[in-house]
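Engineer: Chain residues, written in single-letter form:
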Amino acid sequence: MEEIMKGFVKYTSDPYSAIEEWKEKNQKKVIGIFPMWLPEEIAHAAGMLPVVMWRSNEAITWGYAHVPPYNCPMNKSVVDDAVKGKLKFMDGMVFLRECLQSQEVPFIIENNMPPAFEEYLYMPPIYHASNADLEFTRGELERLRKSLGEFGGEEITDEKLNESIRIYNKNRSLLRRLYDIRRKKPGIMPARDILKVVWSSMLMLKEDHNKLLEALISRLENNGYEPVKGKKVFLSGCLCIHPQVELLDMIEDLGMIPVDDDIYVGYRYFANDAEITDDPIGALTERHFIKTPVDPARGEVEVNWGKELVDKVKRLNADGIVTLMTKYCPPHLCYYPDVKTVLADAGIPEVLVEIEHEIISYEGVKTRLQSFKEMLGGV
Amino acid sequence: MGVEYKVNRLRATGNIRPLVDKHWGDLRAAKERGEKVAWASGPSFMFPYSMGMKCHFMAGYASYAGGIGAADELLRLAETTGDLPETCSYHRLHMGLVEAIKKGVPIKEQAILPLPDLLIAGRYCTEQSHYSESFYRRMGLRIAPLELPFVFNKEDRPRIREFVYRQIVENVIPNLEDVCEKPFDYDRLSEILSVLKKTATLRNECWKFLATKPATWTLWDYAVSMAPVIYMMGDPAGIPFYEDLLKELKERHEKGIPALAPEGEKYRIYWDGWIPWAFLGKFMRKFTPHGAVCLCGRYPWEMFPHPELIDPEHPLDTVVDWVYGEETGLACHMAPKGSIEMIGELIEEYSIDGLVMFSSKSCRMWNQSHLDQIDALDKKYGIPGVVIEADMIDPEMVQDSQIDTRLQALFETIDGRRRR
Ligand code: SF4
Ligand code: SF4
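Sequence order for the protein chains is W and G. Residues 2 to 380, numbered by my numbering, are exactly what the first sequence covers, in order. Residues 179 to 598, numbered by my numbering, are exactly what the second sequence covers, in order.
The set of hints was computed from the structure by calculation and includes no laboratory data. Warning: the hint list may mix true and false statements.
[To be verified] Listed below are several chain G residues computed to face chain W (Cβ distance under 10 Å; list not exhaustive): (1) Leu262; (2) Glu264; (3) His308; (4) Tyr309; (5) Glu311; (6) Ser312; (7) Arg315; (8) Glu325; (9) Arg344; (10) Pro514; (11) Ser540; (12) Asp550; (13) Ala554.
Glycine included, each C-beta is placed from N, C-alpha and C at the ideal position.
The following block holds chain W by itself, in its conformation from the complex:
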């Protein structure tokens, strides 16, 4: 088990060196993909390594010469890493219009550390998925296919794209299986390890990740399981970034077991497959318009995040929800009061923890979580 985990942790403990080392060894291009909606499959089909950009574990310093402190940690971190020269191993970067802040990052990157390849996709909100929306989105994805193909010097054919989608679908289905195991056997793995498994999937070649995952799942399915005592909680939110592992440890140390989540570096990342058809770009377009899990950034009205959470909590028989809100993330900020109201109406206990780039006061968070745990009652 430890051996398998080492394979994942190599990437999450120092993604910069691990990716650079991979690049060196494989002599392939690395493409940074801004979270949360861009199909990495296209870069993979171009024979490159797509990596989802991440929040660094280092204090923001130079970044503050470019971005105000009251912007979200995702953007602050990417800018800080870029201006420090830490992202030089990325041959290309793909950005998108997803929220107000994400649409300004590429300007700062271009100004200070322009990558060899850069693309910007105008991904629309999903609402009613009108023909105009669908066709425009399709055009954006076709554009990425074309420009990445030109950058790589080889056309990205439908066959190549389908092959990448197949590999990515496999990864997603394995991750979903891992989550199923956790739902049935709460606490089977520490939450920090689950996070590392998912996060590493965003950083390493999917084929390699699939192999490690298969080995991990087989162990988990065959090893014995000692039920863990604790209150079952659902983790919600945390758009774009991964939460601090220390925070996850704290939740568990206080006697709560995360049994499921809809965080980005979690279920949200692998929830939806793209179909294998003779029109792979069409399939990726369709996937963009899938309405669940509800994504507050995506502009959706026909489904409701609060109700979705109530259903999930009931199905899991969970005791409460820990909302992890990426600090200064407007899509989540705007939605949160409505989620809170629905949960309160349904009698589901909930606590809010804000995730900054660096959590300044773990003591403050601990007090909050402690009272929440007391509210949930004994083990």
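Given the coordinates of chain W, work out where chain G with the ligands should sit on it, guided by the hints.
Structural biologist: Positioned in the frame of chain W, the structure of chain G with the ligands alone reads:
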């Protein structure tokens, strides 16, 4: 002895308040008169106007609520339903409004609006759609979405223009036709644009008096006069308002009366970002004693800066080209790359000495790129700039000391460069 600067107040701008009050008053009374009501965000309100609907405009309402002193109570009301202070203050303001309407909470009467028959979720800023989504969740209001992306690279403009045009024809107009139970009135849209063309042409004449040295009026005077070229578009009352304003500016100029007494300004300032609607007096008092006047900005220059391109014969194209046209390219200027070009033009046209980037702590529309913009513009034009942090309507986010220190630093930098 230092010069004691004083603002020479304009008479004509005092006439705007009754016009604006009437506009919002008409909207308040619309339902009683059996008229349909829309609420719109982003540049989309002209579509409901064309159908004879009364229409709220998100930013316009926020500025109005700020101006009449209703913002604070609405913001506090929003807190009671769980809105966090980092959330866009315009969003919070509207959540407060919905709460007041829903629960009948007594607030300033002028700030109360009727609930709409249709929400047009113009997603110029992404939060603008989030606020419509919140209304939908809270009140089940019908939404017509309209994605209006900023144009990051100029070469992307034509295909985005086409996308926006299609959404209007395929989503927005059919929704309006359905709600109003009649075909879309293209003729009325043409009439609105004809009035707007006259109003904006007069307004452009007035702009020339911001370029005079010394300046004849200020950005704050223009800011309070913007309604006729934005959410009051099509209202003929805007024409005599601007005629009167132009007359006064000409007279002032002929008589040599500057915006700042006794002899005009010492520093000519570019202002980036929103207008601090609820704190105009406060900000004026921060600039005036230094002999500084704000003269132009990206946002106030959004309102049909090229009236010569308004073509009432082609109403839909005119509206779409306002934002996505090749010459106007508003959506290019809103994105940081295109803004450099636009701010550069304003620097030259209005002989700017320094840049003030107004960074709203709760609105992330422009603030992320401010420091890089200052850097790029300083390199190109040799003009220094500072960022000041505040908010348009939330008093909790306005801290005087930080603003004063940064403005002081800007003026000292300009002085230092002048001595070189
Ligand atoms: S964390 Fe939120 S604000 Fe930041 S980039 Fe992601 S969606 Fe946008
Ligand atoms: S975030 Fe800014 S631009 Fe967007 S709605 Fe709020 S105030 Fe307007």
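Engineer: Could you run down the list of hints and mark each one as holding or not?
Structural biologist: Hint by hint, here is what the structure shows:
no.	hint	in the structure
1	Leu262	holds (6 Å)
2	Glu264	holds (6 Å)
3	His308	holds (4 Å)
4	Tyr309	holds (7 Å)
5	Glu311	holds (6 Å)
6	Ser312	holds (6 Å)
7	Arg315	holds (5 Å)
8	Glu325	holds (4 Å)
9	Arg344	holds (4 Å)
10	Pro514	holds (4 Å)
11	Ser540	holds (8 Å)
12	Asp550	holds (5 Å)
13	Ala554	holds (7 Å)
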